[in-house]
Every structure is written in C-alpha cells, then in structure tokens.
Amino acid sequence: MDISSRAVTSITHADLLHINRKTDEVEPSLAKSWQVSHGGQTYTLHLRQGVRFSDGSPFTADDVLFSFQVYLDPELNAPQRDLLIIDGSPMRVVKMDAYTVRCDLPKPYAAATRLFDGLAMLPRHLLEPLVRTKALKDAWTIGTSPSQLAGLGPFRLKTYRPGQTLIFERNPYYWKQDSAGRSLPYLDEVDFAVLPNQDAESIRFAAGQLDFLAGLSADSYASLEKLSSAQSIQMIDGGPGLAFDLLLFNLNTDVAAQPQAAARAQKWFAQEAFRQAISLAINREQLVRLVFENHAVPLVSPVTPASRSWADPKLQPEKQDLPRSRAVLTAGGFRWQDGSLFDSEGNRVQFTIIASASNRQQGEIATLLQHNFSALGIDSRIVSLEFRSYLQRITQSHDFDVAVMALSAGDSDPNGNMGLWLTDGALHLWNLGEKQPASAWESEIDSLMRRQLYVTDRKERQSLYYRVQEIYAQKLPFLSLAAPNMLGAVRGGLLGVTPSALDPGMLDNIASFYWKK
Amino acid sequence: MRVLARRVLHSLISLLAVSMLCFALLSAAPGDYFSELRLEPGISQQTLRAMERQTDPRRSLAERYVFWCESALRGDFGNSLSYHLPVASLLSERIANTLMLSAAGLFGAWVLGLALGMSEGWFASLVRVFTSLLWSIPEPVLALVLLLAALKLHTLAPLTVPTSEAGWSLAHFQSLAGQLVLPSLAMAIGYLPVVIHHVQRGLVAAREAPAVEAARAHGLPYRRILLHYILPEAANPLISLFGLGVGSLLSASLFVEVLFGWPGLGQLLLNAILVRDTNIVVAGVLCSAVMLIAGNLLADILLWLHDPRIREVAQ
Amino acid sequence: MNLSRVAGGLLIVCAVFLMFANFFATANPGAIDENLPYLPPEGIHFKSPTGQLHLRPFILRYRPVNGQFAKYAEADEKIVPLYFFVRTNTQSEPGGRPAWVLRLCGINGEYPGDSPHFLGTDEFGRDVWSRLLYGGRTTVAIGFVAALIASLLAVIFGLVAGLLRGWVDTLIMRLVETMISVPWFYLLLAVRAMLPLRAGPWATLATSTLLLALIGWARPARILRGAAIEARQHAYVTMAQASGASLWHLVQWHILPDLAPQAITQFTVLLPQFIASEIALSYFGLGVEEPLVSWGGMLAAAQHLSSIVEYPWLMSPLWAMIPLFFAVHVLADRYGCKPTPTMPSFSFE
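Residue numbers (our numbering), protein chains in the order written: chain A, 9 to 525; chain B, 53 to 367; chain C, 63 to 411.
Treat the hints with care, as some may be off.
[Claimed, not checked] Under 7 Å between C-beta atoms, here's a sample of chain C residues computed to sit facing chain B:
id: 1; residue: N64
id: 2; residue: L65
id: 3; residue: S66
id: 4; residue: R236
id: 5; residue: V244
id: 6; residue: L251
id: 7; residue: T327
id: 8; residue: P334
id: 9; residue: I341
id: 10; residue: L361
id: 11; residue: A363
id: 12; residue: L380
id: 13; residue: M383
id: 14; residue: I384
Hints listed in this document are in silico derivations from the structure and should not be mistaken for laboratory results. Cβ coordinates follow ideal geometry from the N, Cα and C atoms, glycine included.
For reference, chain A alone in the conformation it holds in the complex:
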C-alpha cells in the first residue's frame, strides 16, 4: 500500500500522549500519567520507566528534552515547529528528574494534550552528534542505514529500497502490552509496497499479494468488491473522514496582471448573493451518488461528521433549489436572456473551473458542477491541470476563477482547522496572504477562533465554534461539497484493523493487527 513519511514515523516512533481514535480522547502513551497545574499553563508528564529504543538503549527525560529542542530549533525548520509555538512563543520543556518533564505554556491552551499526539520522541544518543554538526537534515532520513536509526514504535525499519518497498520488522524492545500481558506487536514483519496507482494495488490485492489496502477511492472499492467476490475479503467503510471536497472562489486581491475577464469574475464572486445562488444550484446528493457511489456525505461546512461533537447540529446540507437560486440572483441584479445569465452591467456570466488531473473524483465533480451551473445559464469551462501546476495557481500565482479542491483538517478538534479559518492562515485559500480581515464577519471568525484556543471549558468552546460555522454558512467564502468515506480492504483473517480519521488512518493501531489462527 501507499505509505507517506508520516505513516513511517507512526510505525517506527511513539508519542508521549496519544489520542484514542475511537473515543477521540487523549490517553497515556510514553507518559504514563500527567497533571495540569497553574490554571492550565503547566503540564507535568510522568514517563514510563524501563522503556527502550529499538536499539536497546533506555528512554529517559533527556530524550524528551532533546526531541523538543530539535522540533523547536529555528534553524532546523522542522514541520512540527509551528504546532509548538503558542501565541507567538514556544512551549518550554524542563526536566524534573530522569522520568519527569514539565511543559510550560505561555498561556492556558485548550487542546494542549492533543499537541503531544504524533510528536515522535527521538533518540538523543544517536542524533545529538548530528545536531551539533548541523548534519541532522541529511543524516536522519529514511535513506539512513537501518542500524543508524532507532525509535520507540512497534516496528523498526529492516530494508528500504527507494520508490519500491519498505520492510519493517518487529521491535523486540517495544514497551506496549495487550490486556493479557503479551508484548506487542503481534506481527513479526510488515512490508509496504509502493505501487503506481490504485488499480495496480487492487489487482495485487486480488491476487493475494497484498493483505491490506487503505485510502481506496469509491470506484476502486466497487471493483475490488467485484474482483474479490470469491475470496474472503473484508471491505471496510469507516464513514466520513476529515477530508472534504470544496469549491473555492478566487477572492484573492493580489492577482497579478488581471485580465478583464478575471476581474469581472472576481466581482461576481465577491457578492454574497452570487455565492449563495451557486451553492443553491449545486446538487450535492447527485454528487455523492455519482462521484462517490454513495460512499460520502453531503456537507454544509468544512467541519465533517468525523469531528464528532464539533459540527454544528443546527446546520444541515442544503438541497438543490434552482428557483430559490434564481430568485437570489435576480435580487442581486442578475438577469437572463435566451437562457444565459448576465450581470447588472450586461456581461455574460462565464468562468473557468480548475481541477487536478491526477484526481479522478475532482474531474467528475467539476463535470457535475458545470452541469449544475448551466442550469442557471452560467457558461463554465473545466481545465484540468497537472497537480503541481494546479497547486501553484491556487497557492502562489492566484491565477484562476474557481477551483475544485480536496482538503483535510489536521485534527478533529477545532484547532486542526486554524489554518483554514484565520485570515493569515496557510489554508485561508480563498484569500491567501491577506494581512487584515477583509470584512467584519472575517474578523469575527478570527476573534472567535483565537478565543476558543484558550477556553478550557468544552461547552463554551463548542458554542464558539458553532458560531464560526454559522457565520460561514451565511457568508459562504467557499462551498463545502462532500466528505468522502474512509475506505479500505483487508484480507480475511487479518484482524484488528479499525478505521480512524486522524493520521495515520487505519495504520494507527498496526501494533495490534494479527492473523486469526
């Protein structure tokens, strides 16, 4: 199956605290317990004793300190760094004794314990010399020979062939045990194969060469069901995940050398009424049916059902309503002539939809949207672009009208969506790199999101986040379309696989996968 470097990390490394994927609550991991003091500003973590790295050396508070030092080092630019900077200043970690550390936050932080999930604890004895010589970036990669690597995860890397296979073997020093007291993991070896596409994966799976597939698309799911009807295969539909598909309007104000057509299109997109009319014209149920073959749910906001208690129950996905959509447009000064839509200045409403060519679903969504829009008399064109060219237009040159996109929240907690909501967030894609909120409602979202960061009462946070979603649903800066289900397939007899919305998905509990005797 396909494997990202983050999945590799989760297999070979472990974190201090871990979010239980079933209950969505934080649980002990390498730290066996923790205390909160100073009104939520100080976290004292008690580490498990006797834990060893996969090379046999012991794990102590020094390793924790070292790991935070690496992640926070401004010169190393670790991707984890931004998560650990709270309200502009970094989290401070102090060693109390060999098995106790204290983390000081600059401010009480709502989801502080969730920060520790997925934060791999690194072996100081191997890496410290490299940090000193500034060689960490080149030396500590997946290409490093396995004898130079060590982690606290259930498996350790045995062989790596770039772009082909990754073979992990059981970590004999792994610290976790099951309820019966047996050491985990159950499996002795896990092989990951890099395959060009899902069709190749499906065929290999059907031939019995693969035992586990995750991240399937709806059509692969259907064909696999058919291909493997004779074999014992368990198909997994884990319900909607954190990923969602959206239609992005280009509301960026810094579009360089705007052609006239683009400026006109942006004027329409800037109108709330126009965006609402477009949303009403979209048949989300049809989209879920035809594109995802019913393995998805229609969405009203980017907060998918996988976010459990954080999605506002008052908001329900809208049904396609062309008469209302037309009424909204008419009220906004638009009119029809021979079935085509014209704006108040007499310009024909036309725009281009871009989609990524490497994502089949996006292309299909674009086709259906084009069809929906033509019912309003809007003339839209689809241009599917190679993935990086497409991203470059959205994130850098801002040269597009509307885009079909797939995004994923980082966490089921509202904090996982900060980048999307905040005006200066990296995922504030409809108006990227904006310094000041463009309108009153945007600054309200900003302040609500900033406030919920430091509110520790769950109910109060909930109501703040509901308010954000209500503002979104009223103003619709982009349109949320659907949240695809998490699909996978497992060979009969391989047990213990459970779906999970958070990274690394179904691989999260790989330590307790086992073969039925």
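Dock chains B and C against the given chain A, drawing on the hints supplied.
Same frame as chain A, now just chains B and C:
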C-alpha cells in the same frame, strides 16, 4: 576513426544542449518540490520559505545550472530532493532494471514482428487487422488487461523485483524471468505494430525489386528468394528502425514501468517530473540521450557492415 | 485490389457517421441522466421475450435496482419501439429556446431527454453511442491535422538536411536528437503554464494539435533525411543535375516523388500515435475539455480497472479506432507505395 571521434564530439554538444533545455523547461514548469507542503495544515508560510532557502539557496537558473554541472563532473549528479540520496546511486539500479525489461520487449517485438510481417495472402490481411487493433489500444488499458488476465490465470508474479545482492542463482533467475514476462510482453505488444508495419511495407517494395524479379524468373524456390533476395533488399530501413529501437531502450518503457510497477528508470523519472525533483530528471534524461546516440551509432555500423554501397560512400 | 476497396468503404462509412453525427446520434452528448449511471448497452431486437416477431425494431429497457448504485435488473417485459427520422428537441434546459434536430432514430420517451442507449451510458448517465460519434469528430480532426503538419515538417527538415548536407545537416540532426531525448511532457507543462487559463476550448484544441505536430516531427525527419540522401543518388537525379536542372527542379520532379511513399508511411505511423497521445494531453490540461467530447477524453475517463471489470462498453472508442486505422494503413499501402528506395538512411557525418 576520425569520423568516429567527430561524432562523439557532436554527441557531447547534443548532450549539453539536452541538459540545458531540461533545466530551462523545468524552471518554466509551474510549481516546485514544496508545492504540496503548502496544503499541510500545520506548516506556516515562514517555515516553508525557510525550507526552500535551505535546499536551494542559488536562485538564478544559470547559477543552478553551473552548480549542477559541477556535481555532474564529480559523478554524483547532485542530491535528490525526494529520496535524500545522491542521484547516481539511485539511477544505476534503475537503469539495469529498465535495460532488462526493454531488451526483452524489443527482442520479442522483433521476433514476432518479423514472423508476422513476412506472412502473405489472407493471413497478411488478418495481420493487418490485428495490427490496427494493437495500434488502437492505449498502453494503460493494455497493461490493465494483461494484469487482469494474469490474475485470472493465477500467474501474476509476486511484487518484489529480486536484486543481485543475493548472488545469481538459478532460482533467482527464474523469479526474475517470471517478473519480466508481463511488462516485457506489454512492451513487445506496444512496439509490435510499428515493426509489422515497417516489415510489411519493406517487403512489398522489395518483392518488386529487379534482383528479386530476376531470381523469380530463374525459378528459385520461394523460401530461398525470401531469405536471400527479398530480406536483404528490405533490410536497410529495418536496420535503421532497429537502431532507433535500441536508442529508445531507456525511454520507451516509461508507461509500462509505471503501470506494472516495474522499478526502472522511467518510473523514477516520471515521478521525479511530477514532484519536480530536478536532479533526477536531468540525469535520467541525459542517460536516455546517451542511449539514443549509441543506438544511432549501432545502426550506422550495422548498415556499414550490411551494405557494400555504404562502405563505398563512406570512403 | 479487393482489400483496398473494403478499406475505402470503411473510411467512407466512418466519415459519413462522423460528419452527420447530429443525425446518427440518439442523444445530446453532454446530457446527464443522473438516474442511469453505467447503464449497460440496450440491444436492438426484433423478437420479443415472449417469442413474438415485430416488424418495427425495439429495445428492452433496464430498470434500476432500488437503493443500489449502478445496478440494473435484466430487461423487463415492456418493449420500447424505435422510430425513425424523428425530430427531437435537444435543448434540455427549461427556459432555453428549443433546438430541433433530425435524428435517425428515437423513442417515445417517458421523460424529456429520454433516449435509447445502444452502447450504454457512462458514469453520469450520458449516452456512449452519441459521445462516440461527436468525440470521433474532434479526435480524428486533431489526429489528422497534427500528423499532416508533423509529416510536412519532417519532409521539409529531412529534405533540407539531406540535400544541403554539411553544417546545416549536422545542426538539424543535433536538433532532432535533442527533440527526441527531452521528455516532451516538460514542454507541455511549460506551455500550459503560459497559455491563458481562459483561452476558449477551440484555442486549446488548436494549441494541442500544433504541439503534437511540433513534438512529433523529429523521428520521421531522421528517416526522411535518409530517404532524401538516397533519392539524390539515383541515376536520373544525377543525370538531371548534369543537364543543368536547378535544385528546386530536382526537388520538385525527382526527389519529392521519391520521398512520397516514405512520407506517407510516416504519416500512417504518426496518426495512431497522435490519436493516442490525445489521452496523455488531457493530463496536462491541454486535452479536449468538457463539454467538447473526444475519444481521448472518453478513454482517459475509462482506463480504470472498474471500467474494464464492470463497464466494458466504456471502451467503445477502442473498437471504433480499429476499422479507422485499418483503412488508413491499407489505403496508404495501396496508393503510397512505390518501390521503397533501398539505399539506407546512412551517413558518417
């Protein structure tokens, strides 16, 4: 010899042009290696910019090109962004895999192509229909059909390509051959219509050549005419085609490799282009350019050996 | 030659079908029918399930199985007769001006836009038969024009290199080598980046055609150069040259006619390649985009495992290409084949 030396010199100029063009085109292609990170929820813009600066502080195209040339002269061809390894070490294994696959495919296509292309009468028409069929099947579809057929026949070879690290044993060779069958078959089928087409056309023309007519008038048996008169008469364009085929050994298998997951140069290259891993792309393209030039040279030498007229021209 | 007659006939039939796509199609190629995704082909029958013979051909309809995606029950008892030369309204949008076209056949639909699906439907319930006809127009046009331009370029470059020799020859051949070695999708990425996003579908179409031609001329140019060198060495060329003929005269009367068969061969080799590369183009945003239909686009959407396993009728463009390629090759053999020059494309530069 002098002619040969001049040719090598010309080829070097070609290679230089290829590498420059590659660099220029890649910098004109939108997006970069870090594009995808821009959608990561946890990474801020500042961090991204810092990461970019760290990997490639040389901003201008010319500077980067000169830096690349230095690394090429050193022999490692720079570091890969996505694999964090020197490109030369990545390429060598991949090239061997690709050569294995393409050579098998090319050989299969020529053997089948010559056999089918030399057929006559109604069978020739049948071959033509068959050729049109092959020509119309896109490679992805062909690959999927072959994979499915292997699946149904329970002959799908296992995934991992064996390496020579374990030493060359018979079992090793067998498993390698098992792996090669499908992708090389796909390559052969993809190339087959071109060979058949050229063989058929060459033979039609050669049958009317004066020497062949003369042989026929002498009442020689057909098989003898075919082997001793028609084939040599038609050989020259086929030799050129063969040269082109050898020249494309490293580049022709791209899609087949991708679709069958064969860990060859093409797969590495395509992926590198999609993620904008420049160093891999330029080095890979240069390798296939060298192969192309070598193929042309081979064709010319073969022609020189085959056709006495050419030897006269050359002297 | 019997075979070439067959080929000619095939070509004419193809041309008629594609030219009068409006008439032969049964539905609007872009019309979505959300209730009928992946509908299997509805065959034309004369004999009803009860054994009764009908003079008027009819189809048997499939019924969607309730609650399941793209699952259809076998044709039910009700027969739906086909009518010929029917006038249909292709404007499916309410409020739009009705647009009437004459169709070869149609049915008395149960709802507006209802039509027979002889080759089934695709993922959006669009009629594959109609898309095949409309798509063929685009694809064949792109393929022919691109192959024609590429062959012309190859002839020109091959001629210039083969006749002038010297440094011009060296330069052109180096260029050819470079063209062949540089992966062309690079070029496509760069071109798409420079092309304005809002260029109309026809402008993109023209660009793609031109790009295919610009990329494709290099290989045939090598071969044609060899043919030109050879042609020049023929006795009658030498004689004409000796009698004071100008270079242009030589080219026009002696060398070009010699080159023609090779040029035609190259054209017939390029044509299928270009039609196939239209699929690859769509990957770079240079392909034919909706609502324009093309075989490349249809196949690009269909080349997935699910289509092959479950919906094989989506592959119908493949079957349509076979007679087309066959006809072109046979005709090229018949009319383009003078004895191929036997001197090889060789030189020690």
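Outcome of the hint check:
1. N64: 9 Å, violated
2. L65: 6 Å, holds
3. S66: 11 Å, violated
4. R236: 5 Å, holds
5. V244: Hint on V244(C): holds, closest Cβ of chain B at ~5 Å, below 7 Å.
6. L251: It holds, given that the least Cβ distance between L251(C) and chain B is near 4 Å, below 7 Å.
7. T327: 6 Å, holds
8. P334: Given a least distance of 4 Å, the restraint on P334(C) holds.
9. I341: Holds, about 6 Å.
10. L361: With Cβ-Cβ at 6 Å, under 7 Å, it holds.
11. A363: 12 Å, violated
12. L380: Holds, because the Cβ-Cβ distance from L380(C) to chain B comes to roughly 5 Å (cut-off 7 Å).
13. M383: 3 Å, holds
14. I384: 5 Å, holds
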